[in-house]
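Asks: Input sequences plus hints: build the corresponding full structure.
Just so you know, the protein sequences line up as chains A and B, in that order. If you read the first sequence in my numbering, its first letter stands for residue 1, the second for the next number, and so on. If you read the second sequence in my numbering, its first letter stands for residue 1, the second for the next number, and so on.
Heads up, some of the hints might be wrong.
[Stated by the list, open to error] Subject to a maximum C-alpha distance of 25 Å in a straight line, what follows is the list of computed PhoX-like cross-link-like pairs (lysine-lysine):
| id | chain 1 | residue 1 | chain 2 | residue 2 |
| --- | --- | --- | --- | --- |
| 1 | B | K543 | A | K107 |
| 2 | B | K175 | B | K120 |
| 3 | B | K88 | A | K543 |
Rather than coming from a laboratory, the hints here were simulated on the basis of the structure. Predicted, not measured: the structure shown is a model, and the values here were computed from it.
One letter stands for each residue in the lines below.
Protein chains: 2
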Amino acid sequence: MSKQQTEKVRVFALGGVGEIGKNMYGIEVDDDIIVVDAGLMFPDDDMLGVDIVIPDVSYLVEQKDRVRGIILTHGHEDHIGGLSYVLKKINVPVYGTKLTLGLVEEKLKEAGIHRQTTLKLIDSNSRIKVGSTNVSFFRVNHSIPDSVGVCVETSQGAVVHTGDFKFDQTPVDGKQADIGKMAAIGSKGVLCLMSDSTNAERPGTTKSETEVGQGIAEVFEHTDGRIIVTTFASNVHRIQQVIHAAVKANRKLAVVGKSMVRVLSIASKLGYLEMPDNLLIEIDEVNKYKDHQLAILTTGSQGEPMSALTRMAKGAHRQITITEHDTVIIAASAIPGNEQSVSGIIDKLHRIGADVVYGQTKVHASGHGSQEELKLMLNLMKPKFFVPVHGEFRMQHAHRALAVEVGVKEEHIYLVDKGEVIEFTKGQARRGGKVPSGNVLIDGLGVGDVGNIVLRDRRLLSKDGILVVVVTLNKKTGEIVSGPNIISRGFVYVRESEKLLEDSNELVSNILKKCVTENVNEWSSLKSNVREGLSRYLFEQTKRRPMILPIIMEV
Amino acid sequence: MSKQQTEKVRVFALGGVGEIGKNMYGIEVDDDIIVVDAGLMFPDDDMLGVDIVIPDVSYLVEQKDRVRGIILTHGHEDHIGGLSYVLKKINVPVYGTKLTLGLVEEKLKEAGIHRQTTLKLIDSNSRIKVGSTNVSFFRVNHSIPDSVGVCVETSQGAVVHTGDFKFDQTPVDGKQADIGKMAAIGSKGVLCLMSDSTNAERPGTTKSETEVGQGIAEVFEHTDGRIIVTTFASNVHRIQQVIHAAVKANRKLAVVGKSMVRVLSIASKLGYLEMPDNLLIEIDEVNKYKDHQLAILTTGSQGEPMSALTRMAKGAHRQITITEHDTVIIAASAIPGNEQSVSGIIDKLHRIGADVVYGQTKVHASGHGSQEELKLMLNLMKPKFFVPVHGEFRMQHAHRALAVEVGVKEEHIYLVDKGEVIEFTKGQARRGGKVPSGNVLIDGLGVGDVGNIVLRDRRLLSKDGILVVVVTLNKKTGEIVSGPNIISRGFVYVRESEKLLEDSNELVSNILKKCVTENVNEWSSLKSNVREGLSRYLFEQTKRRPMILPIIMEV
Chain A
1 MSKQQTEKVR VFALGGVGEI GKNMYGIEVD DDIIVVDAGL MFPDDDMLGV
51 DIVIPDVSYL VEQKDRVRGI ILTHGHEDHI GGLSYVLKKI NVPVYGTKLT
101 LGLVEEKLKE AGIHRQTTLK LIDSNSRIKV GSTNVSFFRV NHSIPDSVGV
151 CVETSQGAVV HTGDFKFDQT PVDGKQADIG KMAAIGSKGV LCLMSDSTNA
201 ERPGTTKSET EVGQGIAEVF EHTDGRIIVT TFASNVHRIQ QVIHAAVKAN
251 RKLAVVGKSM VRVLSIASKL GYLEMPDNLL IEIDEVNKYK DHQLAILTTG
301 SQGEPMSALT RMAKGAHRQI TITEHDTVII AASAIPGNEQ SVSGIIDKLH
351 RIGADVVYGQ TKVHASGHGS QEELKLMLNL MKPKFFVPVH GEFRMQHAHR
401 ALAVEVGVKE EHIYLVDKGE VIEFTKGQAR RGGKVPSGNV LIDGLGVGDV
451 GNIVLRDRRL LSKDGILVVV VTLNKKTGEI VSGPNIISRG FVYVRESEKL
501 LEDSNELVSN ILKKCVTENV NEWSSLKSNV REGLSRYLFE QTKRRPMILP
551 IIMEV
Chain B
1 MSKQQTEKVR VFALGGVGEI GKNMYGIEVD DDIIVVDAGL MFPDDDMLGV
51 DIVIPDVSYL VEQKDRVRGI ILTHGHEDHI GGLSYVLKKI NVPVYGTKLT
101 LGLVEEKLKE AGIHRQTTLK LIDSNSRIKV GSTNVSFFRV NHSIPDSVGV
151 CVETSQGAVV HTGDFKFDQT PVDGKQADIG KMAAIGSKGV LCLMSDSTNA
201 ERPGTTKSET EVGQGIAEVF EHTDGRIIVT TFASNVHRIQ QVIHAAVKAN
251 RKLAVVGKSM VRVLSIASKL GYLEMPDNLL IEIDEVNKYK DHQLAILTTG
301 SQGEPMSALT RMAKGAHRQI TITEHDTVII AASAIPGNEQ SVSGIIDKLH
351 RIGADVVYGQ TKVHASGHGS QEELKLMLNL MKPKFFVPVH GEFRMQHAHR
401 ALAVEVGVKE EHIYLVDKGE VIEFTKGQAR RGGKVPSGNV LIDGLGVGDV
451 GNIVLRDRRL LSKDGILVVV VTLNKKTGEI VSGPNIISRG FVYVRESEKL
501 LEDSNELVSN ILKKCVTENV NEWSSLKSNV REGLSRYLFE QTKRRPMILP
551 IIMEV
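Replies: Written out as structure tokens, the structure reads:
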């Protein structure tokens, strides 16, 4: 029963707009809520001690009964990394392609929820019903195989979410993006396009992944020593090309790093990697081979301090230490925020004297389409309304300009922030208010128990440390029984600042004595007197403001 | 008396190699130690709470009597920012050009050491004696006027330090780099060249500053609304071009931000800026003018949270709030490490709806020469030995490759780390050991009192916060008189974790009781029992490791 455009369609983002990471989008068709992706983001520098960040899904929890499923466009952390947390709150079916579900399964096992979760396998040719809504897919190229775009069919036209995409004319697996199918969707009529804005500021066309393979192969060709390659573990295409290069150069390949080993085993088990049986060797076997017979594939492309590559460079890795005879290929670019750690590892490798091959030019290509490709997508889909997603706000902004260039009406383009709803009725669009949205911080086992107060304290503590002032008072007389004892952490070298701490001690005693004589005896005011007095004194002396924690005991 | 090549020449870096920032170099000619520059560096992310970093100058202090002076190549913070700290330890004459000394004077006044310091004015034509060593200079182009290279004359040939340079064929002030003089120095014979490696990885030639002026002028031409421009306060050339653009567009110019105001007043006082008297207006006057009559020059090009630009964007600035009618020109690039804060401010401005002009392409040019210019410098100087300086190690490394390209013998090129000495006798070079070197961290008034222990504590505190456990015991019986009280900061929301803290409390009591019965009564072991027991429990419960500070009082 076609609903003759009577149904209400709503789209919104719970994450992925105004930021790079934790992609999560909602598409509502009357009672059906279809979720696209459930990603994580790595914390900003000021989210001290936080491990990962996921979207606030309280809206979905509140609307539980309407959520029909979560569709995953591909297997990257910023699209699937939040899934296990979300599924603990709303248990709904998860749709994804083979590789995507393969990677998801692992995570669900780790989270201990793989049994209670329904995984539904789809491919780019599937046409499925989610709730009472028809959903189809189309293949796109990206830096991980089996990536799809999503087409949600409504009587007002299709709502299309591209997922992450580029148009690679020479993809490693020979599977080009489904241009014909996209054109068909476009000509049937697209109500709203939600498209990847990551490279909306980058002119031209993104380089083919195959060129990266050639760059890597070249290095293999011209190198006699040992070769160490690092890239994103999830970039199966690139791993495939490293494998090809190793085979061609008659080198054995050792794989290092938890995530790299995991992805490699899943991808090859599922048939996304082809390699001769005798290629891989155990890391303990490397000493059996000469340098020119060896290649090592490792994690650490972002210079993570605990990663295998960093440990190899520091000589802190059990089996492998990088020397001046090695060649290191860093087949990746720095994710925003990692610039310093990446340049740190590159520097460290140069100090060792290793040959280092890095940088966009030769051994890396983005997985996201540049301006010409984004315009192509817009021209294929010919959307009536356009919502640029997946990017910092300025990238959504640049994407809008591209859409206008190819003829989308400016007033039909909506730049949305997290939670902002665009509502479609009878083929017309309007802003439809806001659903709850935000960041949920995950620290260890704690989900959301780290908030502004905790972060504010961590920031204070990290800046100038803490002074704990302990004193025991006589319940009746209010006189000091023992203390004050001052313990400091992260403030100054105690050795070199004995005088300062002695004087602080005396200051506190005087403040307390004064309070007694003036019989100020509520703890709160005692404490605030100590805090303010000491803080003022320390700032005069050091221009620092450590956190001061007065503890007053009574006996 | 020519020394017939009998004298010993040594060169080394106390800062500026293997890093971007805190440039400080030593050139020794027998008994004379000549210091080139005394810069600061901004702290890495892991130097929590540290304000700035300066070089360890203990070697210079130890050799006080031999240090003849500090020569400043130009007025950037990474070349003069450490000066006032160094001069407090060694009071030696400071040589610099007019603008450089103008900027230095301010700093010395702030530090209260301007009276005791001898400032000696030089220009690019000066030839002076420092100690018994002849020193001359040559003009270079850079992103601040009055920049010079240094030529230290020895009987073995000249030791040349380029300072920061580019070759700008169309400099804003019309003063090209002194190519003829450099060639003359080269043909007289250069023993050792120390040259700027910043852009050694960048092919081609760096854009002229004049092109930036055209870019800025264009924006002014095509904008009707208010224009807000931000750039590095020290980039006097660029400020001049903003002034030209404002004059041409009949706009008044308001200057905002402490450092911007300071540099502007110094530079114009010293005649490095030309502007009509009626151009500048006070910030409180902006409301007297229409948008199209106004331009605002402000600090904040690095997205610093407290900078004027950020506050204007947040609506937290007293006089100016940026609106969708404004055009903001960010005439700067992100200094390594600032990438996120810069993209943060750009994003914020886009959200407001302001037009934002930013990025290398149009309104910024580097102050450092690219590969072709570095090769030109090498060809002009024809050094016998080459020590690439001023850059991360990989940039020194890339600079070496360029030198080899233009014919410098590879074995005559030395990549040095901080403190490593290259020694020249009878025109031959060898590595001459190491002088003390390192980072001195400055936090508030404390110089060097923040070291590894303090930083380690701050890191711990920043990750998972702190728990303070206070308990008062009876001196004789060892029984608990009061407490345990547990206070936590930066660990968990207390509200949401009452249970956890109660259980922790109970756990601690049990540990202590157990200790009493087993009469463990040295405080140290009491404390370690509490620390370990509680830490283990909390990690099981939360997978976090807050710092635990047990405080045991006796009465």
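Asks: Keeping to a limit of 25 Å between CA atoms, is the pair of B/K175 and B/K120 held or broken?
Replies: holds, 23 Å
Asks: Keeping to a limit of 25 Å between CA atoms, is the pair of B/K543 and A/K107 held or broken?
Replies: holds, 18 Å
Asks: Below or equal to 25 Å on CA atoms is what counts here, so check B/K88 against A/K543.
Replies: holds, 19 Å
Taken one by one, the earlier hints all hold for this structure without exception.
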